[in-house]
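Participant: Just so you know, the protein sequences line up as chains A and B, in that order. Per my numbering, the first sequence starts with residue 793, numbered consecutively. Per my numbering, the second sequence starts with residue 793, numbered consecutively.
Source of the hints: derived by calculation from the structure; they are not laboratory data. It is possible that part of the hints are untrue.
Identical chains share a label here; the pair holds if one copy fits it or two copies do between them.
Derived pair list, reagent style DSSO-like, types lysine-lysine, alpha-carbon separation capped at 30 Å [claimed, not checked]: (1) K921 <-> K865; (2) K831 <-> K865; (3) K865 <-> K936.
Number of protein chains: 2
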Amino acid sequence: MRPIGFVLIAVVVLAGVVAYMAPAFGQADGEAVPIFGLKIPAGYRDWRLISVAHEAGNLNDLRAILGNDAAIKAYREGKLPFPEGTIIARLAWSYVPSEENNQVFGRPQSFVPGPAPDWYLQFMVKDSKKYAATGGWGFAQFDKDGKPAAEAPLKNCFPCHQAVKARDFVFTRYAP
Amino acid sequence: MRPIGFVLIAVVVLAGVVAYMAPAFGQADGEAVPIFGLKIPAGYRDWRLISVAHEAGNLNDLRAILGNDAAIKAYREGKLPFPEGTIIARLAWSYVPSEENNQVFGRPQSFVPGPAPDWYLQFMVKDSKKYAATGGWGFAQFDKDGKPAAEAPLKNCFPCHQAVKARDFVFTRYAP
């Protein structure tokens, strides 16, 4: 094999690595939300887990909070504020009893993800310059069809998150 | 640069890929459980999300179900039975109200992960030959200190999972 062969191998291998890792780095895709101009970051469903939660009351959802590599690193190192480029993803599904599980357990104890609510996907994106007016965070929400939230609900994000300014405006703690 | 240089580049690049991916492939670590002889798979906390759940009743926990690459691929392709080498990880935390969140929301609606219960970590490992007597699955449980469960509770895993034989003995469905 001539040198060019090895160059090709190296290029192919590198291209493979880049292709494998690309979705984890959040390229924007689809329609953007108002105010913050954010799109759904590609590959967010492959991100690592930060925590889970159940919001009862009017929301009544089960949720998973995922983070891109910058988010996970900062959480695990306990570093605040979160670095530029941090993205935190919040997925929510309606909170429904699992009839099939409950039949096995013999009692109504199991609650699992049901259909996606209108607030299916939310993202917080750290860009201190771009989003200086909102604590350095951009906020986004999308339904299950990728439709962005309207301007009014997006305006409510930051006022509520201000309550946790001491944790860089992020509610979720890392679940070990 | 001579050909050997390109070979070295390719090897170094490949080694980097392997090192990057290694934790996702579950090297065993720590003390093994009885019966099934399984250890905690290294890197499981970096695996991708399958679903979340709330088990009420006596367990009263919030849980995240993660999968290694084989598990995620099979779930997303809707393929049963799960392939050899599949590992499904179930992390559980006690279900506790978040006082700090509830103060912000003005009502008791937010439930988050609390301290780890004794059944903190569970794993199902697919090895059709080794675990032929239990549907091709090995079962494991560990507390937060990595202490394996005793023999008696592990004997209860498969009898219960037999109820979902049609889904290759796995309760959890994928949350999109």
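Participant: Could you tell me which of the hints above the structure violates, numbers in ascending order?
Facilitator: none
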